[in-house]
Structures are given as C-alpha cells and as structure tokens.
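Chemist: Here is how the chains run, residue by residue.
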Amino acid sequence: MILKLDKLSLSFGGIQALNGVSFEIKEGELFSLIGPNGAGKTSVINAICSFYKPTKGEIYFKDKLLNPLKPYNITALGVSRTFQNTELFAGMSVLDNIKLGSHNRLKASTLSGMFHLPWAKKEEREEEKYLREEILKRLGLDEVRNRFVGTLPYGLQKRVDLGRALASRPELLILDEPVAGMNNDESRDMVECLLHFKKAWNLTILLVEHDMEVVMSISDRIVVMNFGQKIAEGTPQEIQNNEQVITIYLGKQYEKDVS
Amino acid sequence: MVNKKSLVKWAVIAAILATVPLYSGNYILSLVNLAAIAVTGAVGLNILTGYTGQISLGHAAFMGVGAYVAGYLMTNYHLPFLLAVLIGGIASAIAGIIFGSPSLRLKGLYLAMATLASQILLEYVFKNWRSVTGGVSGMYIESPSILGFSFGTDQRFYYLAMGFALIAIWTASNLFKTKTGRAFIAIRDRDIAAEIIGISSFKYKLISFAISSFYAGVAGSLLALYLTLVVPESFVLSVSIQYVAMVIIGGPGTIAGAIYGAIFVTLLPQGIEYITNILAQFYPMEALFAALRDMTFGLLIILFLLFEPKGLSDIIPRIGRWFKGLFLKKGGESRNLSHIQ
Numbered sequence: 029m030i031l032k033l034d035k036l037s038l039s040f041g042g043i044q045a046l047n048g049v050s051f052e053i054k055e056g057e058l059f060s061l062i063g064p065n066g067a068g069k070t071s072v073i074n075a076i077c078s079f080y081k082p083t084k085g086e087i088y089f090k091d092k093l094l095n096p097l098k099p100y101n102i103t104a105l106g107v108s109r110t111f112q113n114t115e116l117f118a119g120m121s122v123l124d125n126i127k128l129g130s131h132n133r134l135k136a137s138t139l140s141g142m143f144h145l146p147w148a149k150k151e152e153r154e155e156e157k158y159l160r161e162e163i164l165k166r167l168g169l170d171e172v173r174n175r176f177v178g179t180l181p182y183g184l185q186k187r188v189d190l191g192r193a194l195a196s197r198p199e200l201l202i203l204d205e206p207v208a209g210m211n212n213d214e215s216r217d218m219v220e221c222l223l224h225f226k227k228a229w230n231l232t233i234l235l236v237e238h239d240m241e242v243v244m245s246i247s248d249r250i251v252v253m254n255f256g257q258k259i260a261e262g263t264p265q266e267i268q269n270n271e272q273v274i275t276i277y278l279g280k281q282y283e284k285d286v287s
Numbered sequence: 004m005v006n007k008k009s010l011v012k013w014a015v016i017a018a019i020l021a022t023v024p025l026y027s028g029n030y031i032l033s034l035v036n037l038a039a040i041a042v043t044g045a046v047g048l049n050i051l052t053g054y055t056g057q058i059s060l061g062h063a064a065f066m067g068v069g070a071y072v073a074g075y076l077m078t079n080y081h082l083p084f085l086l087a088v089l090i091g092g093i094a095s096a097i098a099g100i101i102f103g104s105p106s107l108r109l110k111g112l113y114l115a116m117a118t119l120a121s122q123i124l125l126e127y128v129f130k131n132w133r134s135v136t137g138g139v140s141g142m143y144i145e146s147p148s149i150l151g152f153s154f155g156t157d158q159r160f161y162y163l164a165m166g167f168a169l170i171a172i173w174t175a176s177n178l179f180k181t182k183t184g185r186a187f188i189a190i191r192d193r194d195i196a197a198e199i200i201g202i203s204s205f206k207y208k209l210i211s212f213a214i215s216s217f218y219a220g221v222a223g224s225l226l227a228l229y230l231t232l233v234v235p236e237s238f239v240l241s242v243s244i245q246y247v248a249m250v251i252i253g254g255p256g257t258i259a260g261a262i263y264g265a266i267f268v269t270l271l272p273q274g275i276e277y278i279t280n281i282l283a284q285f286y287p288m289e290a291l292f293a294a295l296r297d298m299t300f301g302l303l304i305i306l307f308l309l310f311e312p313k314g315l316s317d318i319i320p321r322i323g324r325w326f327k328g329l330f331l332k333k334g335g336e337s338r339n340l341s342h343i344q
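Protein sequence lines correspond, in order, to chains H and V.
What the first sequence shows, in my numbering, is residues 29 to 287, in sequence order.
What the second sequence shows, in my numbering, is residues 4 to 344, in sequence order.
Check the hints yourself; a few may be wrong.
[Stated by the list, open to error] In silico lysine-lysine, DSS-like type, Cα no more than 25 Å apart, as pairs:
| # | chain 1 | residue 1 | chain 2 | residue 2 |
| --- | --- | --- | --- | --- |
| 1 | V | 180 | H | 149 |
| 2 | H | 135 | V | 180 |
| 3 | V | 206 | H | 98 |
| 4 | V | 110 | V | 313 |
Think of the hints as simulated: they come from the structure by calculation, not from any bench.
With the hints as constraints, model all of the structure from the sequences given.
Modeler: What follows is the structure, encoded as structure tokens:
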C-alpha cells in the first residue's frame, strides 16, 4: 500500500468539500479519480499535498502520516503533482522550471553557489545533464529548454508541468487533468509519455481526468466521486457497468458508445 | 563558453574599469565611487524586491547597521577594515533576519508598512544610542588602509568600491544559477505552487532577507569608510526610497537593472542640481533643490511603473538595437528578432 486515505473529511466554513472518503492505492498502480465538476477530486489532491488540512480522517504515504506535514515536506517524501492550470513560473526558462522540481535533491549550500565553488557547479551540471537526458528529451522539450515558459503553446506548458513533477523523482505521481484542453494527437502523445515514465521509473500514478477514453484505457482501478463522497470503486469494466455511475456521470450516451 | 568576441569585450571593459581613476577628475571620481557603493546596495535590494518579490522600505536602515557596526569595531577595537566590513555585513544580515521574520507573514502593502517600521525604529536607535553611535553628530572613523597602504584618496578608494561592486555583481549572478536563486523567483511568481513543489517559502524569504541585508551592510560600511564619517542622515527613509527607485527604474529582477538604476539614481541629483543652477539665474530656486529631487524620484517611479515596468535594463538594449538597426539595416534586425523569441 503506497497511499491510504482513511475517512477523509474536509470542510470550508459551511461547505462540506469531502465527506468520509477512503481508498487505497497499491504500488505500481495507475489509479484514477473521476466524477462531475465539483465532486471534490482536486480537493483530494490538495489534501494529499497537505495544502488543505483535512478536518477529519488520515492520509498515509507508505505508513507515514501526512496530515501534520507542511506542503514542502511532502515532495521530499516522494510525492509530486501536476496542476490543472499548469502553475508554471512565468519569469523562468523551461529548464529552470524543471530544475525547480529537483530543488530538494540539490544539496549545495547557498554560499557555495554564490561563489561558484567546484562542488556546487558539479552538482548543478550533473543534475542538468540528467534532467535533459531523462526528462526534457523524452518530453520533446530539449529544443525549447532556454525559452520562457510563457511563450510556449499550451500543450508544451502541460509537458513542462509534468517534467517539473518528474524532476523530484517521485514514487507517487499525482496528475490533475494532464490532457485537458489538448487535441487528440497531443493527448495521445501525453498518454504515451506517461506510460513510458510509469514503466521506466516504476511509478505509481493517481490520475484525475475527464477524458473517459483515456481513463478507461489506461487505469488499473477507478474511484468515482460525487458531492464529496466516494460512490463507486472498481476496475474500468466494473465502473462502466455501474448503474449509479452511468446516471450521475458517464451518461446514457456513454453507455451506448461503449457497447 | 568563452568565445573570442566576448573575451575581447570583457578585456575592453576590464581595461576601462581599471584605468578610470587615471583620467577622471576628483568630482567625477567621487560620483563614480558613490555609484559603485550604490550598485552593491542596489544589487542587494534587487535580490529581495526584484527577484523574491518582497518590498522593503528599510534597506537604508540595514545599511546603517553595517556602517555603525563596522565603524564601531574599527574605532574601538582597531579591527582591520576588511574584517570590519565583513562583520558589518553579517550584523546587517542578522538584523535583516530579526526585522524580516515578523514581516514574512505579510504581503504587499502590509510588508511595506512592517519594513517601514523597522526603518523608523533603527533610525531612532542611530540617533539616540549616543554612547555607541555618537548620536546626531555621528562617529568619525579612520580612512581604510591595508598594511600601511591607505585608500584615503578618491583614486585609491575607487578600486576598493569597484572591487566590492564587482564581487556583489558576480555573486548575485551566480546565485540565480543555483537552487536558492531559482527558489526566490518561484516564490515571487507563484508562492503557493512553489510551496507545493517543495520550497519552504518561509525559509527562502528569510534567506533572501539575510542576503539582501548583507549586501546592504557591506554597502553601508563602504559608504562609512568613504566618508570617514557615520551619521544617521546617510541612512534615513528617503535613502531607502532611493534604493527602491534604483530597483524599479533599473528593472526589477535583473542584475543589469540594479547597476543601471544605481548609476542613474546617483547621478540624477547632480543633473537636477545642474539644471536648478541654470534656472536660478532667472528665478531664485536654490531652496527648492531638495524638494525638486524628491519630486523627480517620485515622478520617475510612477512613470516607470506605468510605462516601463521592465526599467532601464529593457530600455538600454532597445536603444542599442535601434542604433545597430540604423547601421546594419536588415541583417541586424533579423538577429534581434531571434533574440526576442
């Protein structure tokens, strides 16, 4: 068990965003979280990242309780995420954005960096080499690595966001709508990249996505949420045949398309 | 990588910098020295304000802490001046951490108010802790010397001020090639996202305050050594505002901007004085000089914020390209476009 949510509840003032959500993700799994807008999917992610503090319930990553930690400690444990709206640092190049992902891996002190001391320089150079070889080239970003992220098309920005999440060498990668707003080709390339990294780096992935074609084709297991509650859990097959899920989220049309 | 062309460029710059005192008069040289000290201070404030996005109206007070500590150590304990400057910088960094830490929960306008409070508080200490600071009349210190070699003249002090300015520029530009510098920019651009990808914004804001104040302390100590006098007037609020003006006019978040801004703001009062002197022949306005100076700074900050938020660091290359375009016509232009993209 790499991640465990135990009866997680979260409320903002009078609004109950999450209500007793529990699920477990096994190591190496591609686990998807689906549901209508406002169901609480992004709230689950924000709670795992310790950005929202749960009002009740616990979150464990590899048997370590995450609740009391600060957001910046979570990354160091081996959890990283992408964002629905990319959240890139506009004033920096593609390479620097991705380097920020490996922030916690770089050990050289501030002073040794300011005085360009050999070990700081070496560490920086080696990290850059690794990131370019293993991440930028694979994501097709090496050519544009020195451009400001703001000047890139949306599809590439999504890749930079993914690259930044990968740069921290996570064990659990959380993806918040990685193919949203992409056309079919871009979406297929993105899924290909994801599957490559999952296999090569032995990643566990928690995926939030509205594109049902993608979700159903690559997920091992799926949890469906509605109004802050879990309403179903199972394999893609089971979810597609679940009456309640079809009524609430997938719709009659989807049922016909699949059959 | 160092290619032949940039090597030549740097050699020319080094040759010019090394020979400035040989052909400059004392008046020009005194301005150059003040500008070089301002560069050290402005590079420091730019790290905090331009790169980390934290406004500070207390920069002059942190310069003052460095100046008084260095001056006190030199006068009372006869410490070598380089050591005194270093300790002055460290004292400022500590002051920056102390006064910065309550400010770290505040943003924008509220942070400006909190740093303003530290400016006023420290100014009060400078004026009233007479046994240490000498009060309003200040503290006299010897001009700096190493092994009997005195930096007492403008010509000699130039190498000291320029040396420190170059070290400040070099270390600051290295900083932004490392994780700490990147973390600063990340906090400026999106503090919440920075936190989630693993950067403690509290820790890095504090580091930014410390580094920025260290530069301020060094600049303040240098100013004290140059004037051989530490008085509270050198470190009042309007000086803090001048430093904010340097960052904004020069171009926040660029090393070159801090340099341009520091030079511009140091020379501006001289320009204004020159113009008021001419105008004074027709209408007596010597008394207005101070007011005119402050008004011009205010106006320039507003105009730059409105029309040129990237400051001189954006304008100067643009003028350069325009000149290049005049001489090179088409060829130069296409190269400029590729640079922009």
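Chemist: Hey, residue 135 (chain H) versus residue 180 (chain V), does the alpha-carbon distance stay inside 25 Å?
Modeler: OK: residue 135 (chain H) and residue 180 (chain V) at ~14 Å, within 25 Å.
Chemist: With the threshold set at 25 Å, check whether the alpha-carbon distance from residue 206 (chain V) to residue 98 (chain H) stays at or below it.
Modeler: 12 Å, holds
Chemist: Is residue 110 (chain V) close enough to residue 313 (chain V), meaning Cα to Cα at most 25 Å?
Modeler: 22 Å, holds
Chemist: Taken at face value, is the distance from the CA of residue 149 (chain H) to the CA of residue 180 (chain V) at most 25 Å?
Modeler: 9 Å, holds
Comparing the model with each earlier hint shows no violations; every hint is respected.
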